[in-house]
Every structure is written in structure tokens, then in C-alpha cells.
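Protein sequences, first through last, are from chains E and B. Position 120, counted from 1, in the first sequence is what this note's numbering calls 120; the numbers after and before it change by one each time, with no gaps. Position 79, counted from 1, in the second sequence is what this note's numbering calls 79; the numbers after and before it change by one each time, with no gaps.
What the hints contain is simulated information worked out from the structure, not anything from laboratory work. Cβ atoms here follow ideal geometry from the backbone N, Cα and C, with glycine treated the same way. Any given hint could be a false lead.
[Said to hold, decoys possible] Computed, partial: chain E to chain B, Cβ under 7 angstroms:
#  : residue
1  : Lys15
2  : Tyr19
3  : Asn157
4  : Trp162
5  : Phe165
6  : Thr169
7  : Thr180
8  : Gly181
9  : His215
10 : Arg218
11 : Val222
12 : Ile225
13 : Ile240
14 : Ala440
15 : Ser444
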Amino acid sequence: MHFESPVREPLILGKDTNYHTITEDICIETERRPSKYWFMSFGLALAVLTLLASCITYTIMTGIGVWNLNKTIGWAYDITNFVWWIGIGHAGTLISAILLLFRQQWRTSINRSAEAMTIFAVFCAGLFPVIHMGRVWNGYMNLPLPNDLGPLWPNFNSALLWDVFAISTYLSVSVVFWYTGLIPDLATMRDRSKSKARRNVLTFFSFGWTGSVRHWNRFELVCLILAGIATPLVLSVHTIVSFDFATSVLPGWHTTIFPPYFVAGAIFSGFAMVHTLLIIARKVMHLEKYITIGHLETMSKVLILTGGLVSLAYGTEFFMAWYSGYGYEQFVFMNRLFGPYWFGQWSMIAFNSCLPQLFWFRKIRRNPTITFIMAAFINVGMWFERFVIIVMGIHRDFLPSSWAMYSPTWVEVCIFIGTFGLFFTCFLLFCKYLPVIAIAEVKSIFKITRGGKPVGALVGADEQDYNGDLAFELAAQAKAASHGNGHSNIEMMDIGKTGPSH
Amino acid sequence: MIKIKKTDCIVAVFDDDTTLLGALTKAREKGFNILDCFTPFPVHGIEKVLGIKRSNLAVAAFAFGSFGFLLALTMMTYTMTFDWPEDIGGKPTWPLTSMVPILFELTVLCTAFGMTITFFWTCKLMPGVIPVIYDKRSTDDHFVVLFAKDKREAEVRETMQQNGVKEMKEDQYITHNFPGPLPIKLR
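Go ahead and model the full structure; you've got the sequences and the hints to work with.
Quick look at the structure:
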């Protein structure tokens with residue numbers, strides 16, 4: 001028996017929403033001709049993708065010399081971008097796996113798009129280490145393939161090789177998880193389709209799903225087990241990325257708090273990106289009923305938590321540098337604050353530690369415009385965090401004679417900008433061709449989340465006459481009822497015949 | 001030999017999951033022969049009503065996971081210890097602790113793929129399978145129950161009428177005896 005407190009905001013809004021309108025609202029975007037804004041954004045994304053392709057081609061044809069790496073700074077812009085993108089790619093699986101284990105029902109409205117975002121972000125992330133190898137055609141040497149070079153097996157002691165395995169596993173398991181969840185929704189789209197060609201294509205991709213009760217039973221178990229194994233997986237990926245640094249012997253890098261610090265940072269930046277994308281998507285695709293202000297508010301709360309965790313890690317790093325009494329370590333941290341790249345350190349503190357504190361205010365959490373801007377700044381801050389760790393960790397090492405400075409060339413900047421082209425091309429295609437919200441999952445929580453809520457609560461903040469203060473409204477209605485004929489006039493909404501069932 | 005089996009059935013269509021659960025409970029009490037039930041989303045509690053047992057997929061998951069673990073262990077032991085032992089900074093040639101990340105990753109990879117493929121296989125699903133749909137609305141907002149059309153037909157119809165069925169029609173329940181998916185047109 002599931003009890004849902006009436007004080008809790010409903011997760012799905014709209015007075016007239018029912019199972020059919022859920023299907024209708026979500027599928028309609030995939031069925032009609034996209035708007036001119038979609039074509040404009042897609043054109044822009046393709047143009048930026050072309051920029052990415054040309055800059056990568058130029059880098060590979062000419063060599064890594066077109067980047068500004070030098071003897072001291074061997075990892076810079078590309079690895080910063082790699083860690084940044086892989087961090088963004090953490091929110092999706094976190095939302096669909098960890099929140100599934102914790103039975104957080106608000107995840108159902110956002111998990112599909114967050115998972116898609118994860119996959120596309122991992123594509124972008126994976127590009128950087130591959131092109132950083134320089135000779136990309138030798139990339140297969142990362143895999144333990146039988147060969148005639150010695151035989152030359154990869155070194156399984158190396159954190160970089162662990163990364164190859166971690167990221168490729170993460171990508172494939174995320175795709176499996178995402179696609180398995182998509183199958184029932186593709187079947188819904190198949191059974192709605194008007195043209196024969198569309199139906200045939202969707203029949204192929206929906207694997208012949210019928211929605212038999214036995215299948216659902218196994219499907220739920222598969223999702224649960226996938227969530228169970230994806231939870232440690234998502235934590236392991238950024239842990240292993242942090243090992244790239246933490247297994248070295250450099251001050252500022254060889255820190256034992258790196259794994260949890262990186263994971264918290266990844267979830268932080270991932271949620272910020274989900275925030276950014278969903279605020280756009282709900283507006284453009286008219287999904288305010290499903291991705292409500294309440295959802296944005298909950299994500300803002302996650303941002304305070306993870307922002308707090310990274311701030312704690314920043315503080316711990318400084319404390320440990322001081323407490324260690326080790327001159328080189330202390331130098332690195334003083335250099336971060338007052339060295340030539342001071343702006344990196346200070347923007348990371350400003351955007352990642354100070355800015356999220358605004359989320360303590362309810363008005364700010366529930367304002368999509370402000371949270372959109374804040375989420376964008378958090379992503380900038382998280383990019384600087386990686387820049388601080390990577391470039392500032394190595395630009396001034398033990399020997400002052402080998403100190404160096406780094407700034408990116410136009411090629412590096414264009415490759416970074418170009419990855420947005422790749423990301424948004426994929427994301428816009430996803431929005432056009434696939435259901436952006438998990439239809440079946442939303443339907444399965446529909447009654448529970450709305451049962452017994454006053455009608456006023458079912459109209460969202462976007463429709464202006466409800467400000468989200470359900471507790472207040474309930475109290476007012478109860479008061480009005482006690483003055484009246486003794487009956488509560490809290491109207492039960494009309495969903496089905498007998499109200500909440502589960 | 002693959003055989004296609006066709007059974008005459010009554011298709012009962014419901015438009016609410018609560019009503020469906022009520023009607024199914026009644027049907028089970030009376031001992032009707034329920035062939036299958038199709039819902040647009042996982043209706044919780046329905047497996048108890050229909051007496052569907054918990055699936056053994058977890059066993060498959062464990063088996064595939066163990067396979068992945070052993071595969072990784074064998075691969076790393078073979079390459080690093082036996083085939084071409086290298087002295088990397090004086091580290092041991094069978095470094096179990098540095099194997100942990102890859103042992104974990106391959107375990108997860110094999111579990112995910114193995115279990116998901118098993119799931120599709122046992123549900124007889126794969127690209128190219130053409131499903132038999134008894135009511136198109138069953139992936140949208142309707143709930144469909146198939147009863148065998150036997151001598152208790154009248155009783156089934158009456159019970160369903162009393163328990164809020166939206167409509168009833170007759171059809172053929174089509175199955176095949178192959179244990180996995182078959183990409184053929186059944187109807």
C-alpha cells in the first residue's frame with residue numbers, strides 16, 4: 001500500500017489529464033512536423049558539428065602540435081573538456097538508477113531525457129582522449145587484442161586503461177538501460193501511427209512489445225537489477241576518472257578524497273545540465289504539466305546538496321595542504337588562489353560554492369529563469385574546477401625552470417565548441433524522433449501522485465493561479481469546510497472511477 | 001517443429017486499472033481461464049492477482065556477472081602473468097588490487113548485456129517480431145484481458161459485465177511453441 005501525503009505537490013498537473021492525454025501530449029511532438037525553431041536550432045547544431053569535424057580532421061592531419069600543449073603541460077584543454085563532459089554524463093544514470101532504487105517518483109518525468117543527455121555527453125567526452133592520442137588509428141591498442149607487436153598487451157596497472165574500460169562499459173550499459181526503457185513507449189507510438197511505413201519502422205525498433213503482464217513483470221525486474229548494477233557503475237566511472245590524477249605523485253593530484261570529490265562534482269554538473277536542458281524542453285515542447293516547477297525545485301535541492309559536497313571537498317583540500325606541512329603541496333594551493341590562474345580558482349569558488357546557496361530560497365528554486373541562469377553559471381564553474389585541477393596542478397611543478405603557462409589555440413577552442421554541436425544534434429534528433437518522457441512510467445505513478453489532492457493543486461505554477469503552497473491551500477479549505485456543513489469541500493479529482501488504487 | 005497455436009478467446013477491454021484489478025480478482029475467484037492480459041504500463045499488484053511468480057532473471061544476471069568476472073580475471077592473468085610478464089616499476093606481475101576496476105567493469109558489462117538479452121529471449125521479443133495486437137488501445141489507455149472461450153463463456157461475460165468491462169469482443173489467441181522470439185507473421 002502506497003501512501004502519498006496530500007500536502008505533497010502532485011507530480012503531474014492539469015485538471016483534465018488522463019492516461020490518454022499523457023500519451024497524446026508526449027507522442028504528438030514526434031508525430032507532427034517540427035516547428036521552425038527546431039529546424040533553426042538543428043541547422044545551427046549541424047553547422048557547429050561541421051566545425052568539430054573540420055577541426056578534428058585538421059588536428060589529425062597536422063598533428064597535436066596545433067594545440068598549445070608543451071613539455072610541462074601535457075594535459076590541458078582537451079582533458080579538462082573530457083572530465084567536464086563525462087561529469088555531465090553522470091546525471092542521467094544517477095536519476096534513472098539511484099533514484100529508482102530510492103523510489104523517488106519524481107524521476108519518471110525527467111529520466112528519459114536525462115539518460116539521453118548522458119549518452120550524448122559520453123560521446124562528446126570519449127572524443128577527447130581519442131584525439132589526444134594523436135595517432136587515432138592506433139586507438140585499438142587500448143584493447144587487449146591478440147597482436148604481433150611483441151605481443152603488446154595493455155598495462156592493466158594503468159589508471160588510464162581502467163578509464164577506457166570504465167567509460168566504454170558506462171556508455172554501453174547506459175544505452176542498454178535507456179533502450180530497454182524505451183521499448184514500451186516505442187510500442188505505444190507504433191500502435192498510434194497512421195502510416196504503414198512508420199508502423200513498420202516502429203514495430204522493428206519496439207521488438208514486438210505487446211505489454212503482456214508477464215513481460216511487464218520481467219521488465220520491472222530487469223530495470224531494477226540494471227539500476228542495482230548501474231548505481232555502483234555510475235559511481236565507479238568518475239572514481240576511475242579521478243584515479244587518472246590520484247594515482248600520480250603530484251601535489252594537488254595525489255589526494256585520497258578525489259573519488260568522492262569527483263563523483264559529487266559530476267552529479268553537481270550533471271544536474272545543472274539537466275536543469276538547463278529541461279527548462280528549455282518543457283517550454284518548447286509544452287511539457288509544463290509533466291516537468292513541473294516542483295521537479296525543477298527538487299533538482300535545485302540536489303544542486304545545493306552536491307554543491308555543498310564539492311565545497312566541502314575544496315575546503316578539505318586546502319586544510320590537508322596546510323595540515324600536511326608539505327611545502328610543495330602548500331605552494332600548489334597558494335598558487336591556485338594567488339597565482340597567474342587565480343581567476344579559475346575564484347570563479348570555481350564563486351559559481352560552485354557561493355552561487356548555489358541562493359537555492360536555499362524557495363522563490364529562487366521555483367523561478368525557472370533564475371535557476372536557468374544559475375545552472376549555466378554552475379556549469380561554467382565546474383569547467384573551471386577541472387581546469388584548476390588539471391592545468392594548475394602541473395603548470396608550476398617542483399622545478400621553477402620548467403614552469404610554463406598554457407592558453408588554448410583556436411583549434412582547441414573550436415573543438416570544444418564543436419562538441420556542443422555534436423551534443424545538440426543528437427539531443428534535437430532525440431526530441432524529434434523519440435518520446436522525451438517515459439510514457440509508461442509516468443502513467444504508472446499518475447494516480448498515486450494525484451490521488452486525494454485538491455483541484456487547485458492540479459493546476460501548475462505556470463498557469464499562475466496556483467503558487468505551489470499546497471499545505472496552505474489544504475489548511476484554508478479545511479477551515480472553510482469546518483465553517484460550512486461539516487463536510488470537507490476538498491474536491492477529489494476525477495481520475496478513473498474509484499480514485500487512487502495502489 | 002514449430003507449431004502455431006490458435007485458441008478462440010473473449011477479449012475484455014477495460015478503461016481503468018482499478019476496475020481491471022477488481023474484475024481480475026473476481027475472475028480468479030471463479031477460476032476462469034485467463035490466457036493473457038495486456039496493460040499500457042506495469043499495474044502494481046496485478047501479478048499477485050494473476051498469480052504470476054517472480055521471474056528468475058536475477059539468477060541469469062548472477063551467472064552472466066560471474067562469467068564477466070572470470071573472463072576479466074582470466075584475461076588479465078593470462079596477459080600479465082603468463083603470456084608477457086613485464087616489470088612495470090617493480091610492481092608484481094599478478095597485481096590483484098589494480099585488477100579490481102576492470103574486474104568490476106566487466107562484471108557489470110556482462111551482467112547488463114546477458115540479463116537484458118535473456119529477458120528479450122524469454123519474452124520472445126527481438127527486432128523483426130511482429131506482435132499480435134488484440135486491441136490497439138492496450139498500449140495507450142486501455143487494459144485488455146483474454147479469456148479462453150470455453151463452455152463457461154456466458155458466465156465469463158456476465159461476470160465481466162458486472163465488474164465494469166468497457167467492451168467485449170471475440171478473437172483468436174495466437175502463440176507459438178518456440179522458446180525464443182520468431183520473426184514471422186503470426187496473423
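Quick check on arginine 218 of chain E please, does its C-beta sit within 7 angstroms of some C-beta on chain B?
At about 5 angstroms, which falls below the 7 angstroms cut-off, the nearest Cβ of chain B leaves the hint on arginine 218 of chain E intact, so it holds.
Quick check on the hint: histidine 215 of chain E CB to chain B CB, less than 7 angstroms?
holds (5 angstroms)
Is the interface hint for phenylalanine 165 of chain E satisfied, with its Cβ closer than 7 angstroms to some Cβ of chain B?
Since chain B brings a Cβ to about 4 angstroms from phenylalanine 165 of chain E, closer than 7 angstroms, the hint holds.
Do the numbers back the hint for serine 444 of chain E, that is, is its least Cβ distance to chain B under 7 angstroms?
holds (4 angstroms)
Under 7 angstroms, Cβ to Cβ, is where asparagine 157 of chain E needs to be relative to chain B, so tell me if that hint holds or is violated.
Holds, because the Cβ-Cβ distance from asparagine 157 of chain E to chain B comes to roughly 5 angstroms (cut-off 7 angstroms).
For the hint on alanine 440 of chain E, does the least C-beta distance to chain B fall short of 7 angstroms?
holds (4 angstroms)
Are tryptophan 162 of chain E and chain B close enough, Cβ to Cβ, to be under 7 angstroms, as the hint says?
At 4 angstroms from the nearest chain B Cβ, tryptophan 162 of chain E passes the 7 angstroms test, so the hint holds.
Given tyrosine 19 of chain E was flagged as interface, is its beta-carbon under 7 angstroms from a beta-carbon of chain B?
It holds, given that the least Cβ distance between tyrosine 19 of chain E and chain B is near 4 angstroms, below 7 angstroms.
Verify the interface restraint on threonine 169 of chain E: the C-beta must sit less than 7 angstroms from at least one C-beta of chain B.
holds (4 angstroms)
Can the hint on valine 222 of chain E be confirmed by a CB-to-CB distance to chain B that is less than 7 angstroms?
holds (5 angstroms)
Residue hint isoleucine 240 of chain E, partner chain B, criterion CB-CB below 7 angstroms:
holds (5 angstroms)
Chain B contact restraint on glycine 181 of chain E - CB to CB distance below 7 angstroms
Violated, about 11 angstroms.
In summary, the numbered hints that this structure violates are 1 and 8.
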